[in-house]
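Single-letter residue listing:
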Amino acid sequence: MAECHPVGFQWVMEAKARGTKVFHIDPRFTRTSAMADHHVPIRAGSDIVLLGALINHVLSGGHDFREYVLAYTNAADIVSAEFRDTEDLDGLFSGFDAESRTYDPASWSYEPAEEGEAAPRGGEHAGGGRHHAETARPDQYGSGGATAHPRPRRDETLTHPRCVYQLLKRHFSRYSPEMVEQMCGIPAADFHRLAAAVVAASGREHTTAWVYSVGWTQHTVGVQYIRSAAILQLLLGNMGRPGGGILALRGHASIQGSTDIPTLFNILPGYLPMPKAGVNRGLEEYLAHAATDTGFWGNKRSYLVSLLKSWWGDAATAANDYCYDYLPRLTGDHGTYSTVLGQIDGTVKGYFVVGENPAVGSSGGRTQRLGLAGLEWLVVRDMTLIETATFWRDGPEIETGELRPEDIGTEVFFLPAASHVEKEGTFTQTQRLLQWREKAVEPPGDCRSDLWFYYHLGKRIRQRLADDEIDRPLRDLTWDYPEHGESREPSAEAVLREINGTGPDGRALSSYLDLKADGSTRCGCWIYCGVYADEVNQAARRKPGGEQSLVAPEWGWAWPLNRRMLYNRASADPRGRPWSERKAYVWWDEERGEWTGADVPDFERDKSPDYRPPPGATAQAAISGTDPFIMQADGKGWLFAPSGLGDGPLPAHYEPHESPLPNLLYGQRANPARKIYDRPETPYNPAGSSRFPYVLTTYRLTEHHTAGGMSRTLPYLAELQPEMFCEVSPELAAERGLVNGGWATIVTSRAAIEARVLVSGRVRALRLQGRTIHQVGVPYHWGWAGGGVVTGDAANDLMPIVLDPNVYIQEGKASTCDIRPGRRPTGRALLDLIEEYRRE
Amino acid sequence: MGAREWAGRWPVLRQLAGQDPRRDAARSARTDALVPRTATADSVARSVCPYCAVGCGQLVYVKDGKVTQIEGDPDSPISRGRLCPKGSASKQLVTRPGRVTEVLYRRPHGTGWERLDLERAMDMIADRVVETRRRTWEQTCEGEQVRRTLGIASLGGATLDNEENYLMKKLYTAMGAVQIENQARI
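Protein chains in written order, with full-length UniProt numbering: chain A, 1 to 840; chain B, 1 to 186.
It is worth saying that the hints were derived from the structure and are not from the lab. It cannot be assumed that every hint is accurate.
To be verified - Covered by chain B, per the in silico footprint, the following chain A stretches (three or more residues, Cβ under 8 Å):
| no. | segment |
| --- | --- |
| 1 | 273-285 |
| 2 | 378-388 |
| 3 | 412-420 |
| 4 | 802-814 |
Unchecked claim - Which chain B residues face chain A? A few, computed with CB under 10 Å, are given here:
| no. | residue |
| --- | --- |
| 5 | Arg4 |
| 6 | Arg106 |
| 7 | Glu181 |
Unchecked claim - Quick look at which bits of chain A chain B covers, simulated, 3 or more residues with Cβ under 8 Å:
| no. | segment |
| --- | --- |
| 8 | 339-352 |
| 9 | 400-407 |
| 10 | 471-478 |
| 11 | 493-506 |
| 12 | 673-687 |
| 13 | 698-711 |
Values in this document were obtained by computation on a predicted structure and should not be read as measured data. Even for Gly, the Cβ is constructed at its ideal location relative to N, Cα and C.
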């Protein structure tokens, strides 16, 4: 965190100054480790073993926050008798189909409270079979709320053998300190110190926070890493409370915003799912499958209809299902990696790359570049001539002679982009806070904002339409924004106001609770409704922090409804009283009959803790006055996920796809549902291969930014970190004859790259399973050109294309490699070297 | 100013004479006349750092239509005026001399860049979108309506503004393009 989010780290140091214990769990010793109380080196790719052992420690020692767990989680819920755990099936859960490598989650569901009461329609429980698994499941994860029975059978004593609490106990029983020692390389004494500290800093008077970044997500089990942390935090009562939580430190200025208002294939704005072919034929069928009916997703009809009205305006009517049919349909995985394979195969003809540099920034660089070379046309919009724009003249494949510029038919348009100070608009930072940026100067020359580009491109496309039926969604699109200045820049405030939404009177709405399903309201992203409340750009608010409370509610605007902490109703006990005075945050004011406190309550303001839903209630009315997790179907925090995951209702440790070690926990070595591509462009290192004996992991440096387009080009930053390097331990350096300051070549089945050698005790050799495991760390900021003041080989060329089955993120943080002294060969000899490694 | 007076103002002489070199003895007439760029700016824009997702406040100082300095915003309750090395260097992101400000075009099988007028480039791109969309249009897939094109894809970075992402998703969806992705998955 001190390396990659340095200014955010000041708050960790503030906490430390107040007595907080800071543990840093990371394969590397970094600036964060230097400031932490304890650094815990770990083998990359083994975190679920550690988190599972912490869960086991809490459960077996009776350290859970029982009152919180009983009231706010699904610990007491009873799961179907059909369910089989990894304990029963040697690393698989029930429902796995080996042929399609997917799970049917039917057996993971709750047992209904009353005999014969069917589970609610929709989501996981609708349809079935393989087609359903491919079209409606993994693509949908991360959108809407997963469906579950809102009133399952419960055992408040937590003793029923099929209640979630007992399932959890059994499932995690084999995650022991000894296993942590053997799998993670963390000595038992270090584990016990960590476990004791976490338990001591949880409960009524204390909370523990977990902070993570892509070190937890870029794995074939990435989603289950986060699930593990969620289970631990729920058991300890650390969710929805000040100083608690699981904090995702996102890596880019508006990466949160890019998810909320997604340029992602599987979701519409506000996490509504994109429609799937065959299962979402009409609006009604879509809504039946889209999300849960209970909890705040129960208003999904209002959210979607308001979005459709925002896009298609007067053309969207009740008679035509508000133009629902204008939405294109998905048929499975349309993610960025399958898109690149589509470019190689010739299905994808044209590609827009906007402020991104896949030629060096995405896993399997060679595959990315072969994809670019397979296009008919490519539009690159950036502030610099990144490698994605120049691959056809200076890419590594040109150097090896695999490709010649004359043979590459891709037509390339490079359009220079405006910088962050040359346009206005909002970023959403990592705590969901929208901050408006004022424009300082006009962009130079041909530089334009992406807002300008897409607005004017849309206008031109609309001028070229025919009367054809396929053009109707474009013809009817609302595409009229005020233009300013000589370059006719569209008004970003007008776009933000459209995102916020308007009511029947045309005035800006102030809350998503005002959205209607009858077409009388418009809203471009329901969770952002309120950012333009009272016709004021709330994201532009800048009341100085020093003049506000610690929560600082008048700086920018956080979604939803300016709530700074999600699920904060859990900061009070079931009766609405703070768990302790020390940890008071939001509570029920009996006299005034409303929730109040330091933050905007994440609960209906006047819903009493005594409220109990009537039978058949839907949406928020189905959430009781004691259920804080209001987006969930049952209002509970899910220790066990009865639906919504593609690889199991509980986290299980699986080895990375490429790993030098066996899985000591189960016969099942790697995640059985992980997404593998059988492609010659991007082969895999065999698991346990002696040819690739070392763990390879990638990381960032303080002085650079991702693939380097915004940092290698700056002389100040280039001077601070001038050269691509790899970091190895003194033991590995001795084993391989690597010299500090000299050169090394790192080899995988995909590529061989060269880097300067940094021999340091910061990457420690780990002793486990009777052998020594060495890890090689490489920053991924360099590329061969990119207008960089400094250049170097691209680390992502080494990485495999193998994905998490829930969110299709690549395993960029744990794979295998070989390392040898000296520079890599060039030309044909480089290909021969890689070929030699593939053969053996 | 007489020679004696001039020599008396010379910092090194004053320091040799025993004055504290870390205080007034370090000052010269020139340093007395120096004014920070932040004090002489024509305007100051309130902005946000474009690198990581902490969202540090930035103050962007402008003189004569040029960015002259970028500083941390002390009012921000998030950053309290601090910036990291990247945020501190961000003025160079805007003002560095090597920045490309012209449209460049590489024709199929070409070996070099050519200049292209921006308006012309926009027209050419629009032509390609319309033609590719029509040619690769898929009304149904395995008998089910899909109304889409798999011929056009997009990958965006996560420094895009919310408003930009919104127009992208809106236009692409109306076009029927579904392979719309972002750094957020990577």
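Hint by hint, here is what the structure shows:
no.: 1; hint: 273-285; result: holds (count 4)
no.: 2; hint: 378-388; result: holds (count 4)
no.: 3; hint: 412-420; result: holds (count 7)
no.: 4; hint: 802-814; result: holds (count 4)
no.: 5; hint: Arg4; result: violated, 43 Å
no.: 6; hint: Arg106; result: holds, 4 Å
no.: 7; hint: Glu181; result: holds, 4 Å
no.: 8; hint: 339-352; result: holds (count 9)
no.: 9; hint: 400-407; result: holds (count 3)
no.: 10; hint: 471-478; result: holds (count 3)
no.: 11; hint: 493-506; result: holds (count 4)
no.: 12; hint: 673-687; result: violated (count 0)
no.: 13; hint: 698-711; result: holds (count 7)
In the structure shown, a violation is registered for the earlier hints numbered 5 and 12, in ascending order.
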